[in-house]
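Undergrad: These are the residues of each chain, in order.
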Amino acid sequence: MKFGVGQPVPRLEDPRLITGSGRFTDDVNLPDQLYMAIARSPYPHGSIASIDTDAAEAAAGVVAVYTAADIESLGGMPCRAVLKDRQGNPCFIPKRPLLAEGRVRFVGEPVAAVVARTRTEARDAAELVLLEVEDLPAVVDLNAAAAAEATVLHEAHGSNLAIHYENGDEAAWEAAAAAAAHRVQVSLVNNRVAPSPLEPRAAVGHYANGTFTLYNPSQGAFAQQGVLARAIFDEPLESIRVISGETGGGFGIRGEVHPEAALTLFASRALGAPVKWHGDRSEMFLSDSHGRDNLTRADLALDESGRALGVRIETLANLGAYCSAVGPFVPTMAGGRVVGTVYRLPALYHSVRCLYTNTMPVAAYRGAGRPEACYVMERLMDEAARQLGIGRDEIRRRNFIPSSAMPFVNHSGVSISSGEFEATMDLALERADWAGFERRRRRSEGLGRLRGIGLGYYVESSGGGPEEEARVRIHPDGSAEVIVGTYSHGQGHETAFAQILSDTFGIEFDKIRFIQGDTAFVKFGGGTGGSRSSQMGGIAVKRAGEGVIEQGRAVAAELLQSEPGRVTYEAAVYRLDDASAQVSLADVARAAETAQFGGEGLAETHRYDRGAGTYTFPNGAHVAEVEIDPDTGVLHICRYTAVDDCGRVINPLLAAGQVHGGVVQGLGQALLENVVYDTDGQLLTGSFLDYAMPFADAMPDVDVSFNEVLDPNNELGVKGIGEGGACGAPPALVNAALHALASRGVTAIDMPLTPEKLWRAANGLSLQERAG
Amino acid sequence: MNGVQVSTTVNGDVEEFVCHPGETLLEVLRNRLGLTGAKEGCGTGDCGACSVIVDGQLVCSCLVLGAEVEGRKVATVEGLADGNRLHPLQDKFLEHAALQCGICTPGFLVAAKALLDDNPDPTEEEIRYALAGNLCRCTGYDKIVRAVDAAAAELRKSSKKKASGRKK
Amino acid sequence: MAAHDVMPDIELFQPVTVEDASAIARRLEGRGWVLAGGQDTYGWLKDRAKTATAMIDLGTIEALSGIEETADGVRIGAMTTLRTVSRDPLIRERYALLAEAAGKVASPQIRNQGTLGGNVAQDTRCWYYRRGLSCYRAGGNICYADSPEGMNREHAILGASRCVAVSPSDTGTALVALDAVMVIQNGGSVRRVPAAKFFVGPAVNITHMTVLREGDILTAIELPAAWAGAEHYFEKVADRDVWDFALVSIAAAFRTSGNAIEDARLVCGAVSCVPHRLNAVERAVIGRPRSEETAESVAGLASQGAKPLNFNHFKAPLMENLVKRALRS
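Line by line, the protein sequences give chains U, A and H. Each residue of the first sequence is one higher than the one before, counting from 506 in the numbering used here. Each residue of the second sequence is one higher than the one before, counting from 30 in the numbering used here. Each residue of the third sequence is one higher than the one before, counting from -17 in the numbering used here.
Next up, chain U with everything else stripped away, as it sits in the complex:
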């Protein structure tokens, strides 16, 4: 079937987006709307002495100014991470208010909401809100936050430690380490990044006739509805409708409700008019959740032949000033599920201290914990190969979990269901011409350049929440409508799910209508994140479709005056098994809407439950080849090869797009991106100039291919493809750069690898240069 699963079908959603008629939240304007702006804390840490709103209230066009005292009826932003330490103590999760209460804890924390007739008036009046604080020392550095004498952000708790998460067996590690022939240690920075969807966050809130309606970008409207209703407004679910039109990127951080969205609803109810807020890019840097930000020390014990005996991984993870919706879950359990990644490790000890600092909260960002886990293992493997004098491919070969050992239960008790790690790596090495590298290196050397090649193997545990729902209806004209709880914000579900339905029903692609992102229709759903949509939504869609066919079979049997067991279905036609009579899917759907058949029509809702604690395991091998100019430190990516095992590929075009995007975000983190707070807690990277993301000129052609090892636990055999690139690219790139710099005696370097940093490394200068 031309448009079915496995075909590179162009996307259904694209026509509106390429003509400029896509409707993003900032394109929504309601009659008589007012505009909101947020006054934010310029101080990283302080007790609030006063918030003077007089001047703002008196400013031209201002309708209202709200501070924490005005919104006492609203709850805070919830964190849904549930975790305990080994002693059974729960993670300390402080209230995160919509507007600062008592203290401000990071630069950019919302302090007051100003509503005015125009955006300029609101914005200029917000500047007039006067916040006075008694300064408290800012805690910015992770090591400083962990120190006993550190200023405590949340006084009642007594320290900045939210939780000390542990996993594995420390005694077993000690024994393995004692018996080891080799010990390899690395100290790593996983730099803080700004996920930066290109669409700045926006919200239009409208309260009318007892119902709140919120237009805002999200990764799933249903989840937003739940948080707003239960945690923030304490109102029934059905009193809040959330509509996400087009969403301009998410990458994890659009999965949570942000305070501004709730505030537009609050203000709309108070003022009797729709209220619109549109953040600017600086506000996004200050108030969109950040990602990563770990300091890790890891220690690998190996035997004489380079086989791993055990590993110890100790991490300090930055939560920011409060917990985001998933906060401490990311560096602990999310990454911890694949701790040790694709390697057999007889002993493992994993320790994560989650700490509060005076910075923007950190949340899930593409990969959420897994890129960090992979970076640790891939750096250890390369360092072990270097110290033991073994090939970097060979040391991995010696330590991979073999496919014969699948399913393989790792130290987190997670069962890795499938994967051919060695074969996937070999494919990548072949496509990257790993063997021919030396020839290319010599050529670069002749031009005065340092060339290196590096490998990054990743595994993910994906799927997110174990339940997902889809509703499929066949209309009397034979067209299909599908409502899903996942939410495409660039992934192309409209196309992929239509492909699945097209396969299931044998109907044409353009007869399938797709509905998502509006809680008036979507009654359940976990949204999109954690590479879960095709494996969760896809299966829910497929099964709902199959349910509809079965329903239709019963109706058809009656129409054909026969038994369901004698009715076959193919390509939108029900036939008797002797082909003596037939009835079309459309006719069956029409009949099903009549009173004779109950009048409910041909529709099925299916809630798919994958089973708690089970995941899929996308994995892959990425190879980067780079050239560094030692005169200037400028790095050029000569070649990039990705071989991914995402299970069955539903649409190669879309899957390759996910790889490209993930890789470039990973390369961005590895090469350029870094959120910088100065020692006083001021954010220095508040624009796309200071926070450098890659442009087209410096990004490589990415050679994408797949080693499809079907997931044994779902009928589509899919695993997920959203996050692998962001996991594989950083280690591949850093390992390549270190390989290039090896001749200069460089054995460690921290991301991002800016020209200045590479240049220092290539020229034997300290990476933390301080003159004099």
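Facing chain U, according to a computed beta carbon distance under 8 Å, are these residues of chain H, among others:
(1) D(-13)
(2) P(-10)
(3) E131
(4) R222
(5) L229
Here are the simulated EDC-like pairs of lysine to aspartate or glutamate, each with C-alpha atoms no more than 16 Å apart in a straight line:
(6) A:K186 with A:D120
(7) H:K306 with U:D1136
(8) H:K306 with H:E274
(9) H:K32 with U:E632
(10) H:K179 with H:D161
(11) A:K102 with A:E45
If you are wondering where the hints come from, they were derived from the structure by calculation, not from laboratory data. All residues carry an ideal CB built from backbone N, CA and C; glycine is no exception.
Fit chains A and H to the known structure of chain U by using the hints.
TA: Structure of chains A and H alone, referenced to chain U:
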């Protein structure tokens, strides 16, 4: 506040509007003329999502005042297609799935149009540099570059056809 | 720096003559802001980091755009776009250095709307200053960048005086290397200032980066014939090859006779508050060939007198490397 009276041409149509002196062309297009194809990604010229063509030159409409387009010709993504017939760039963006979330796409299409108007046969490197004023966070640029390359080939083919048609 | 997006309530003047523009600027005193493309200006105004109550747009003065050959070289109208400068056949043929520098500014969009005059008159990118902090340059009495905790990777290693901000202009280095002359009109009077004197350091004036004062309109830049068709070299090292400002850049011009350098100009950008001319290197290369040997023997002179801050020590040897590359090719 005194307004500025502006008369300009947008996608071939004469438009007259009164705007504030500090109002950007982006705001004028979106709020006064209802053309929401150009998007705001930053407001500072860093991202290119608001790209439009003014008198044949690609600019960030967030860094041009509405008042500055008096008497000039503005082209936006809305004017790219010829009625229902998509521009070859749009066709190729579709065919190659050169977009994901779509927020940056209008800016890339307009930037690519400006490139191909100026250089019908660009190398890959020239394409990448010509698009280097536009940020995309989803696609990794790969498919965008392919799509622009394919559209350039398509446009060359059809202009050759036109040229040989004239000879007859 | 910040990235805010709403312009303030502001007036706009669109004069059609330089005299009018100058008169309006003088009348407004400090409240007027001269627009020469606006690609830097609008950021300042949107951020509210600087206040102006009116903008004076030079875009409506036709006489300020265009490139023409003169008796002694080439004259470029100050409102000529960077794109035009980078692509103009005359400039590319005779002053390739300037064409390359102009082509390295920011992005295609910025070069299409930004002008040569705007590029040389833009303010510094020091992120403390741009945030609107009350530093020396903003009239205060502290430099945040030059403090024990200062983040000063981008800042000056030469010629600092209280303020350590650097000149961000890519074309400025090229213009100094080409001995360009800046034509400035104020009311009815015109003065011509050598590019090297157009840019001023903090020891001379800590709140202005150029000699432009109220009522001054930079109308043209003249490139003397003396450097036309000389051997040129331009390179800019930055975090990204597009959009970013230089960490260090070099603009060099050589006149050679036979194998020997007769005269040379080497100017580094982003190392000082002004385009930094490497006088010692220029003197040392006279009479020598452009070669590896020359490069090695003179490069050490490039960073003489450098006083690095906490995080920008790398700029001194990077300058030397760029000098070597300029001398090699």
